[in-house]
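Numbering of the sequence shown is given in numbering that gives the first Met the number 0, commencing with residue 0 and proceeding in unit increments.
In case anyone wonders, no lab produced these hints; they're calculated from the structure. Each residue gets a CB set at the ideal place from its N, CA and C atoms; glycine is no exception.
Computed cross-link-like contacts, PhoX-like style, restricted to lysine-lysine with a CA-CA straight-line distance of at most 25 Å:
{"#": "1", "residue 1": "Lys63", "residue 2": "Lys227"}
{"#": "2", "residue 1": "Lys195", "residue 2": "Lys94"}
{"#": "3", "residue 1": "Lys227", "residue 2": "Lys189"}
{"#": "4", "residue 1": "Lys227", "residue 2": "Lys94"}
{"#": "5", "residue 1": "Lys147", "residue 2": "Lys227"}
{"#": "6", "residue 1": "Lys227", "residue 2": "Lys72"}
{"#": "7", "residue 1": "Lys189", "residue 2": "Lys94"}
Here are the simulated distance ranges between beta carbons:
{"#": "8", "residue 1": "Gly55", "residue 2": "Thr155", "range": "26 to 36 Å"}
{"#": "9", "residue 1": "Glu165", "residue 2": "Val143", "range": "17 to 27 Å"}
{"#": "10", "residue 1": "Lys71", "residue 2": "Asn172", "range": "33 to 43 Å"}
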Amino acid sequence: MRKLITAFALLAFLPPALAWSQDKDKDEESEEKKPDAPKVAGFLDIANTEDGSYPGGATAVRGKWSVEKEAKKLRLLPEPLIDGWLEFGPEIREKAATIQVSVRAPTERRIQSQMGLGLFGKNGFQLRAVVVNDEIELRRRGAVLATKEFPLDSETLYRMELNVVEESEDSENWIVTGRIWKDGEDRPEKPMIQHKAWGDELLFPLAGRPVIEAISYSGTAVTYASAKAWYGPEPEMEKEEERDEEKEKAEEEGSGGEESADE
0 MRKLITAFAL LAFLPPALAW SQDKDKDEES EEKKPDAPKV AGFLDIANTE DGSYPGGATA
60 VRGKWSVEKE AKKLRLLPEP LIDGWLEFGP EIREKAATIQ VSVRAPTERR IQSQMGLGLF
120 GKNGFQLRAV VVNDEIELRR RGAVLATKEF PLDSETLYRM ELNVVEESED SENWIVTGRI
180 WKDGEDRPEK PMIQHKAWGD ELLFPLAGRP VIEAISYSGT AVTYASAKAW YGPEPEMEKE
240 EERDEEKEKA EEEGSGGEES ADE
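With these hints in hand, go ahead and build the complete structure from the sequences.
Dropping the structure here:
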């Protein structure tokens with residue numbers, strides 16, 4: 000009789016135990032499938048920088064850079080008139096990386112400023128917006144590698160993104176892509192400009208820090224609201240579909256509140 004009671008007790012315990020085990024396996028499986036978030040390589044802490052200086056850890060290689068604390072903007076001042084260059088974050092060496100900035104190049108003259116960003120320091124790649132030509136450029140060591148027409152406005156705040164990844168796991172070649180879009184609009188799904196860099200033609204290794212760079216031709220400061228770099232091909236950013244779902248949910252909650260008020 001005692002053995003029979005023990006058997007019934009075991010049978011009663013088994014289903015919940017099996018269900019718990021299966022749930023645990025599913026959780027572990029989903030955790031294994033979940034990709035790691037891209038690791039931040041560096042960013043400019045503009046909001047917490049003293050007025051008149053530039054963010055800690057950054058290096059102003061060329062030009063005069065200064066934070067306007069009240070506006071929370073990092074400015075490249077128009078004087079001296081020079082190709083401004085500011086590096087931040089650690090050196091990235093022969094690794095896939097992405098950099099994204101928020102920038103504006105206002106003007107009070109007919110001459111337009113230029114604004115851009117880069118990866119791997121002076122021997123790396125840059126994406127530059129040339130307002131006067133309504134185009135963006137991919138550049139390396141002063142040479143223009145590719146251009147793409149894009150309507151530009153000196154009063155608009157833009158987001159710019161540069162991405163450099165290996166062509167394949169065993170390849171020494173690199174694929175360089177760029178995007179630009181108005182701040183607040185959806186990020187373009189596909190790159191707008193692209194260049195293939197052959198490994199045996201690079202001459203200098205891809206090793207250096209993330210960069211922001213600009214030229215204040217207009218006599219007015221070029222202003223950066225943010226700058227951040229990641230290791231890997233994709234930046235850590237909010238997906239558009241998630242943003243749309245949140246918007247729809249908020250609208251539904253709002254309409255539900257109005258109905259209950261009418262009742």
